[in-house]
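Mind docking chain B on chain A? Use the hints.
Chains as they are written, first to last, in my numbering: chain A, 1 to 348; chain B, 349 to 430.
Straight-line distance between alpha carbons at most 35 angstroms, and here's what the computed DSBU-like set of lysine-lysine pairs gives:
{"no.": "1", "chain 1": "B", "residue 1": "Lys353", "chain 2": "A", "residue 2": "Lys236"}
{"no.": "2", "chain 1": "A", "residue 1": "Lys276", "chain 2": "B", "residue 2": "Lys389"}
{"no.": "3", "chain 1": "B", "residue 1": "Lys386", "chain 2": "A", "residue 2": "Lys253"}
{"no.": "4", "chain 1": "B", "residue 1": "Lys353", "chain 2": "A", "residue 2": "Lys260"}
{"no.": "5", "chain 1": "A", "residue 1": "Lys323", "chain 2": "B", "residue 2": "Lys352"}
{"no.": "6", "chain 1": "A", "residue 1": "Lys236", "chain 2": "B", "residue 2": "Lys352"}
{"no.": "7", "chain 1": "B", "residue 1": "Lys386", "chain 2": "A", "residue 2": "Lys323"}
{"no.": "8", "chain 1": "B", "residue 1": "Lys353", "chain 2": "A", "residue 2": "Lys276"}
{"no.": "9", "chain 1": "A", "residue 1": "Lys276", "chain 2": "B", "residue 2": "Lys350"}
{"no.": "10", "chain 1": "B", "residue 1": "Lys391", "chain 2": "A", "residue 2": "Lys276"}
{"no.": "11", "chain 1": "A", "residue 1": "Lys2", "chain 2": "A", "residue 2": "Lys260"}
{"no.": "12", "chain 1": "B", "residue 1": "Lys352", "chain 2": "A", "residue 2": "Lys228"}
{"no.": "13", "chain 1": "A", "residue 1": "Lys136", "chain 2": "B", "residue 2": "Lys352"}
{"no.": "14", "chain 1": "B", "residue 1": "Lys352", "chain 2": "A", "residue 2": "Lys276"}
{"no.": "15", "chain 1": "A", "residue 1": "Lys236", "chain 2": "A", "residue 2": "Lys306"}
{"no.": "16", "chain 1": "A", "residue 1": "Lys228", "chain 2": "B", "residue 2": "Lys386"}
{"no.": "17", "chain 1": "A", "residue 1": "Lys253", "chain 2": "B", "residue 2": "Lys352"}
{"no.": "18", "chain 1": "A", "residue 1": "Lys228", "chain 2": "B", "residue 2": "Lys353"}
Chain B side only, calculated, beta carbon under 7 angstroms to chain A, not exhaustive:
{"no.": "19", "residue": "Asn354"}
{"no.": "20", "residue": "Phe364"}
{"no.": "21", "residue": "Pro366"}
{"no.": "22", "residue": "Thr367"}
{"no.": "23", "residue": "Gly369"}
With the C-beta cut set under 7 angstroms, the calculated list includes, among others, these residues of chain A facing chain B:
{"no.": "24", "residue": "Arg227"}
{"no.": "25", "residue": "Ile241"}
{"no.": "26", "residue": "Leu243"}
{"no.": "27", "residue": "Asp244"}
{"no.": "28", "residue": "Asp245"}
{"no.": "29", "residue": "Ile321"}
{"no.": "30", "residue": "Gly322"}
No lab work stands behind these hints, which were simulated from the structure alone.
Yeah, the Cβ is synthetic: ideal placement off N, Cα and C, and Gly gets one too.
These are the residues of each chain, in order.
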Amino acid sequence: MKPKITVAVSGLNNIDSPGPGIPVIRALKESKDFDVNIIGLSYETLEPGLYMHDLVNKSYQIPLPSAGVDSLMERLSYINNQENVDVVIPNFDAELANFMKLEQRLKTELGISMFLPTQEQFDERHKANLYEFGQKHGVSVPYSKMMFSTNEISAIATEFSYPMVVKGKFYEAYIAYNPEQVANYFNKLSAKWGLPIIIQEYVFGSEVNVTALGDGKGNAISAVPMRKLFITDKGKAWAGISLDDDELVNIAKNVISSSKWRGGMELEFIKTAENKYYLLEINPRFPAWVYLAAGCGHNQPEALVKLALGKSVEPFGDYEIGKMFIRYSYDMIVDLKEFEQISTIGEL
Amino acid sequence: MKIKKNVAISESGFIFNPTTGDSFSTNPIGLEIIRMLKDEKGKDDIRKAILSKYNADESTFEKDYYDFVMMLQNNQVGDEGE
Numbered sequence: 001m002k003p004k005i006t007v008a009v010s011g012l013n014n015i016d017s018p019g020p021g022i023p024v025i026r027a028l029k030e031s032k033d034f035d036v037n038i039i040g041l042s043y044e045t046l047e048p049g050l051y052m053h054d055l056v057n058k059s060y061q062i063p064l065p066s067a068g069v070d071s072l073m074e075r076l077s078y079i080n081n082q083e084n085v086d087v088v089i090p091n092f093d094a095e096l097a098n099f100m101k102l103e104q105r106l107k108t109e110l111g112i113s114m115f116l117p118t119q120e121q122f123d124e125r126h127k128a129n130l131y132e133f134g135q136k137h138g139v140s141v142p143y144s145k146m147m148f149s150t151n152e153i154s155a156i157a158t159e160f161s162y163p164m165v166v167k168g169k170f171y172e173a174y175i176a177y178n179p180e181q182v183a184n185y186f187n188k189l190s191a192k193w194g195l196p197i198i199i200q201e202y203v204f205g206s207e208v209n210v211t212a213l214g215d216g217k218g219n220a221i222s223a224v225p226m227r228k229l230f231i232t233d234k235g236k237a238w239a240g241i242s243l244d245d246d247e248l249v250n251i252a253k254n255v256i257s258s259s260k261w262r263g264g265m266e267l268e269f270i271k272t273a274e275n276k277y278y279l280l281e282i283n284p285r286f287p288a289w290v291y292l293a294a295g296c297g298h299n300q301p302e303a304l305v306k307l308a309l310g311k312s313v314e315p316f317g318d319y320e321i322g323k324m325f326i327r328y329s330y331d332m333i334v335d336l337k338e339f340e341q342i343s344t345i346g347e348l
Numbered sequence: 349m350k351i352k353k354n355v356a357i358s359e360s361g362f363i364f365n366p367t368t369g370d371s372f373s374t375n376p377i378g379l380e381i382i383r384m385l386k387d388e389k390g391k392d393d394i395r396k397a398i399l400s401k402y403n404a405d406e407s408t409f410e411k412d413y414y415d416f417v418m419m420l421q422n423n424q425v426g427d428e429g430e
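Chain A extracted, bound-state conformation (with noise of 0.2 angstroms):
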């Protein structure tokens, strides 16, 4: 009989623009080693997870990042009062600041096991540090540059040519083939995800992605590269196919090793017509496609889990080349009864 441990996840917005938190759900219901009772996290009401009850047991609404680490405390020490959670897994980039200054408290103060990236290596993979990351890590960035002003945009026309990506904090990136629509993908970014905006240099190729988990010592656990074969209006992946490129794994594998890499992570490359690949983003988390991983026989999620676990974890073997994921969308029929309750309760 496996054991049964219970998971807090988040990133239960199942949406056009997906959160990680169900497909990272699926995966740890796959586990051969341990059943899973699986805790939803949400900040809105209206997330799908919540009400996808064979995946998620029960669910508690938690304050948003901006609420700052007590309140996050309080609130998890309340939904541990109630579910005895062993491991959390966080699954959005702007909370991710607030678990990881509580990950010794929740460990020794709740008995809550996490793996994240340490502070340091959240910092230097940031889009407005990406470059000097790439620099000291051996592998191609397109140029970039921070941008707190739209005063800035003339000087920013003597480094870059057009067209250029203007990329949020967190989020959303643009191409911009003007000085006027830098001006405006600046409002808009700011506006949504705050400062510093970063302009990038743009990159034409195709974009391939790789998911993957470091142990923390420098082992790559598991890397499994993805193309997007079909892109949402919001550029993410709708579908897409695990790739036989050791290459790219290793450039991933590189990363990993150089920086220590501690958990889940997605990195996002172009590659170019001359095969040369330009990291152009990290993700300190598991990417939404994550459960393509497990599909290909990487279990990427039920590892992470293992590790935070203390339980040690040998690197992957072989990954299946050639399996795609498609998504669809889904309509649940709710009972107002749930919203109510979610909505005034904060439970589910």
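For chain B alone, kept in the frame of chain A given last:
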């Protein structure tokens, strides 16, 4: 020209390049040619095989073979340096 070793070719003429994630379909004659290329047969052998089996003249074969090989190269199905 050689075909990359990891390129998968199915009985139905479906070709999958696992390095790029691209997939293509070819007709039965294209399938025959790509299989011969994968078996490292040279252009002369392929010409002989096709001309002996199908009612085509040399110039038509040359043109179509060139087009087909260019298409394979553009889609990175061919081995680099070959």
